[in-house]
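A.B. asks: Chains A and B supply the protein sequences, listed in that same order.
Positions in the first sequence are counted from 1; adding 8 to them yields our numbering.
Positions in the second sequence are counted from 1; adding 339 to them yields our numbering.
Because the hints were derived from the structure by calculation, they are not lab data.
Each hint should be verified, as a subset may be incorrect.
Reference listing, derived: stretches of chain A covered by chain B, where coverage requires no fewer than 3 residues with Cβ under 8 Å from a Cβ of chain B [as the list claims (entries may be wrong)]:
#1 19 to 30
#2 70 to 78
#3 118 to 128
#4 289 to 303
#5 860 to 872
Since the model is a prediction, treat every value here as computed from it, not as a measurement.
Built from N, CA and C at the ideal position, the CB exists for glycine as well.
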Amino acid sequence: MLTLSELIDVKGEKGNFEIDILKKPRYVDLDLCIGCGACAEKCPGKADDEYNEDLVKRKSVYVEYAQAVPLKYRIDPETCLKLTKDKCGNCEEACPTSAINFDDKEETVTIKTGSIILSPGYKPFDPSQFDNYQYSNYPNVVTAMEFERILSATGPTMGHITTMPKVPVNPKKKKDKELAAYRKDPKKIAWFQCVGSRDINKCDNAHCSSVCCMYAVKEAIISKEHAGDELDCSIFFMDMRTPGKDFEKYYNNAQEKHGINFIRSRVHSVTEVPGTHDLEVVYADEAGEIQKEIYDMVVLSVGLEIPEETRNLAEKLNIEMSPGGFCNTSTFDPVSSSVDGIYVAGAFNRPQDIPQSVLDASAAASAAGDDLSPARNTLTKKLEEVPRINVVGERPRIGVFICDCGSNIKGVVDCAHVTEYAKTLPYVEFADEPMFACSQDTQDKMVEYIKEKNLNRIVVAACTPKTHEPLFQETLENAGLNKYLFEMTNIRNHDSWVHKNNPDMATKKAKDLVRMAVSKAALSEPLKEEKIPMDERVMVVGGGMAGISAARSLSAQGYEVHIIEKQDRLGGEALKLHKTPKGEDIQKKLKSIAEDVNANDNIKVHLNTTIESTDGFVGNFKSRITENGDSSEIEYGAAVLATGATAHEPDEYGFGMDDRVVTSLDLDRMLIENSAELDKMNSATFIQCVGSRDTNRPYCSKICCTHSVHNAIELKTRKPDMDVFILYRDIRTYGENELLYKQARDLGVIFIRYDLENKPDVRTENGSLVIKARDHVLGQPLEIESDLLVLATAIVPRKDEKLANFFKVPLNEEGFFVEKHAKLGPAEFATDGVFICGSGHYPKPLDEAITQGKAAASRALTLLGKKDNLFTSGTVALVDQEKCSSCGVCVAICPYSAPSFLEEGRYSGKAEINPVLCKGCGLCVASCRSGALHLKGFNTDQIFSQIFALDEVV
Amino acid sequence: MGNNVTGSVAVIGGGISGMLSALDLANSGYYVYLVEKGPAIGGVMAQLDKTFPTNDCAM
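Let's have the full structure, built from the sequences with the hints guiding it.
C.D. replies: Here it is in structure tokens:
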């Protein structure tokens with residue numbers, strides 16, 4: 009990891025790049041700094057805290073935030089007194105490890121790599137240039153990023169929302185003191201959408217930033233959580249764009265459950281009410297009437313843009329940029345830049361949110377790896393294994409480490425006292441009080457202590473095992489101890505943080521927690537992790553674009569892939585599509601991709617094939633398939649589910665009754681066929697949200713707005729004098745698709761908005777097809793006679809319960825597959841070894857489906873890469889068959905199908921647990937009426953010893 | 340190009356995309372240089388308070 013480093017030049021080509029990196033001085037030695045903060049305590053220098061959007065000050069020697077990686081201080085050369093004026097030097101004196109180095113110099117290093125991934129990110133739009141919103145002048149107009157910090161528990165106000173957020177908490181300047189007198193808890197907050205997005209009048213950003221609608225809704229909901237339900241939150245918007253998975257539900261909840269006001273209007277101006285710093289907002293309502301409303305605070309929902317330095321870098325590397333100023337990528341290679349071997353991910357690729365960036369990240373990783381597969385594992389290092397010490401039968405010799413966590417714990421708990429107390433507990437041989445138990449030097453010391461004092465159990469009293477247990481377990485292994493001989497207790501989150509005002513009680517509680525942990529550790533035993541054999545073949549279910557992309561990435565890295573497709577050819581729904589929004593010919597491209605797949609020796613395509621049954625678990629799946637009527641069996645180690653979705657069959661707007669009423673896919677077919685009928689038509693109308701965003705299907709189908717807008721442009725281009733209308737609820741041309749929306753309006757396509765309560769009425773009158781709607785600007789009813797009515801139908805999931813059952817993966821209430829984590833695991837399931845991509849996860853356009861396919865492949869590759877070291881967890885349930893009464897409760901209750909009945913042998917009919925499937929949740933253990941089930945690492949005697957240890961003081 | 344390629348990747352930018360690209364690559368057998376211009380990795384996501392739709396802590 010190279011921090012404070014910038015790419016300055018790239019030489020060479022795909023496969024062999026030489027990259028010059030400029031490393032700026034940190035003035036603190038990375039190896040010596042232990043992150044204790046003694047330097048910052050003594051530092052007199054002050055600077056704006058960028059992490060908190062400059063709302064507060066930080067020291068000149070600083071870490072950005074408590075969880076920073078690496079947790080190493082840095083001296084800011086612009087404000088440090090020593091570096092600017094050669095005065096001070098306090099930090100050098102205060103540092104206990106002599107890590108400060110004022111002589112640190114800038115250096116250029118050259119690295120050699122095979123591929124490059126660019127993920128330089130974005131910058132939030134700077135609204136200072138907008139005079140109508142007065143961001144620079146009014147203290148109560150803030151950006152959404154600033155508001156994000158205001159809401160944060162680690163922000164300047166610790167999550168308390170007040171007005172005058174830009175004024176210091178303890179003001180020193182006269183002007184600040186005057187302003188601080190106006191500080192109050194706001195009663196009314198307004199958000200303005202599209203600040204620096206969808207705007208080419210006041211700035212040059214024509215694109216939609218894709219993320220602001222959702223973050224504004226989130227900020228409004230969280231504001232109400234913080235400040236109470238009485239807080240009045242209003243969001244001023246043009247189109248509400250919530251097209252992502254579960255986003256529409258979140259938006260509906262914001263209106264119905266949280267009472268947030270949504271006002272469709274672009275705000276004209278903001279002025280301060282004289283004598284106060286309240287803000288008068290002037291806007292035109294939907295009827296065109298001018299309205300005035302007073303708010304305590306205004307939050308500007310600033311958009312995303314690519315900073316100039318990144319644009320310069322792109323120019324230097326000859327990377328083509330898009331019209332919207334992002335990296336230019338194609339639909340079929342959505343993470344490849346125009347330069348061979350350079351890939352892109354994140355907001356630099358296109359304005360996008362976290363899940364999409366996460367998918368980009370994995371997709372770019374697999375694309376970058378595709379080029380380098382011959383050199384895989386040539387430069388990575390293998391960890392040396394330390395021989396295990398056998399501790400079975402030995403008397404426990406426990407080492408206890410009481411962490412100060414800087415001042416996080418020590419500031420409240422008397423850690424020295426707790427350490428002395430720990431030494432008095434049974435079996436404790438040694439106790440120590442590190443400043444940071446998690447720092448690298450403490451890990452090294454821990455290994456030494458274990459060896460020197462012959463310790464065989466370790467207890468750490470510090471923060472949460474959720475984040476830190478793996479680190480300490482690794483340290484135990486480095487010292488030759490089994491990692492399950494470790495116990496962690498949380499004296500920070502459960503103690504010092506929550507009992508700040510009662511240090512004595514907190515110290516007492518810390519002693520209780522340590523005593524309990526020690527008593528449990530004394531009973532802990534080394535546990536074995538079973539090795540899982542790994543079949544390196546992968547099965548991809550579904551031969552649409554998402555599945556094909558996953559298969560191609562996997563095969564490029566040398567793995568064998570089976571594609572299961574129920575139709576008679578590859579391509580899926582893409583076979584029905586005409587052009588991408590970027591104008592690429594889909595059928596032409598599909599044909600060449602399918603030929604490429606068929607010629608690929610690593611990919612076996614099974615057409616006309618269905619899956620009859622599936623057994624097994626990660627590394628060892630087995631499916632029976634029927635291919636062209638013949639049954640056979642496939643074994644594989646991982647599965648990618650890419651079964652897609654299908655178009656909704658409409659039952660309204662005269663569909664099926666009048667031939668002139670067609671679906672979006674019908675129009676695509678006519679365009680593919682270059683149908684002569686289209687040339688005869690003089691008018692066409694599109695109706696959006698047919699089957700989407702209603703009570704039956706409360707989600708947005710995501711792709712239909714862009715699809716209709718693009719097809720409207722196609723029609724207008726074929727025949728410029730054709731009248732084209734689009735009837736919509738919100739136009740959701742997110743990202744750079746917004747440019748198409750603008751192009752359509754420029755070409756004369758007419759957009760008419762309707763509400764769910766006033767849907768358009770379609771009827772045949774005297775042989776003509778008539779669409780009746782209300783004009784949203786004039787409020788008048790209007791009639792459109794149209795030669796063609798195109799229904800933008802919803803995308804509906806296949807609700808394939810059989811398949812979900814085969815792989816033990818969940819479907820949501822709408823019938824889409826549920827991924828592991830909405831943000832951080834969008835291409836995999838919680839079930840190990842099963843991955844997800846394409847519209848079976850949620851409706852998505854081709855480029856996003858391909859990205860997700862590549863991402864699913866990348867996630868599968870990380871699993872396949874573990875071939876020889878894939879293990880089960882040690883904390884799994886175990887059956888004592890002597891006690892088992894064969895009642896079957898464990899078999900019925902387990903959500904992972906881990907318990908089953910033995911079919912043969914001495915204990916035939918009794919339960920057993922498959923450790924590969926067991927997640928160690930303990931459900932079966934708690935429900936076993938015979939006391940036959942145990943959870944290893946959480947044995948009954950261990951739990952009771954903890955309870956009894958607590959009881960000692962009562 | 341043939342087999343004569345370097346088995347490492349440079350990832351420029353240590354935000355959420357860069358970090359996860361680096362992790363995926365490292366776990367599939369490639370050496371990664373993660374290059375970040377700031378003093379710590381994490382990017383903009385580390386500045387966010389909570390994330391929708393679950394309102395999980397961004398950190």
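A.B. asks: So, for every hint listed, does it hold in this structure?
C.D. replies: Structure-based check of all given hints:
With a threshold of 8 Å between beta carbons, the proposed coverage of the segment 19 to 30 of chain A by chain B holds, since 6 of its residues qualify and at least three are required. Only residues whose C-beta sits within less than 8 Å of a C-beta in chain B count toward coverage, and the segment 70 to 78 of chain A has 7 of them, enough to reach three; the restraint holds. Counting residues of the segment 118 to 128 of chain A whose C-beta lies closer than 8 Å to any C-beta of chain B gives 10; at least three are required, and the coverage claim holds. Beta-carbon proximity to chain B at under 8 Å applies to 0 residues in the segment 289 to 303 of chain A; the threshold of 3 is not reached and the given coverage is violated.
Coverage of the segment 860 to 872 of chain A by chain B holds in this model, with 5 residues showing a Cβ closer than 8 Å to a Cβ of that chain against a need of three.
The earlier numbered hint that this structure contradicts is number 4, and it is the only one.
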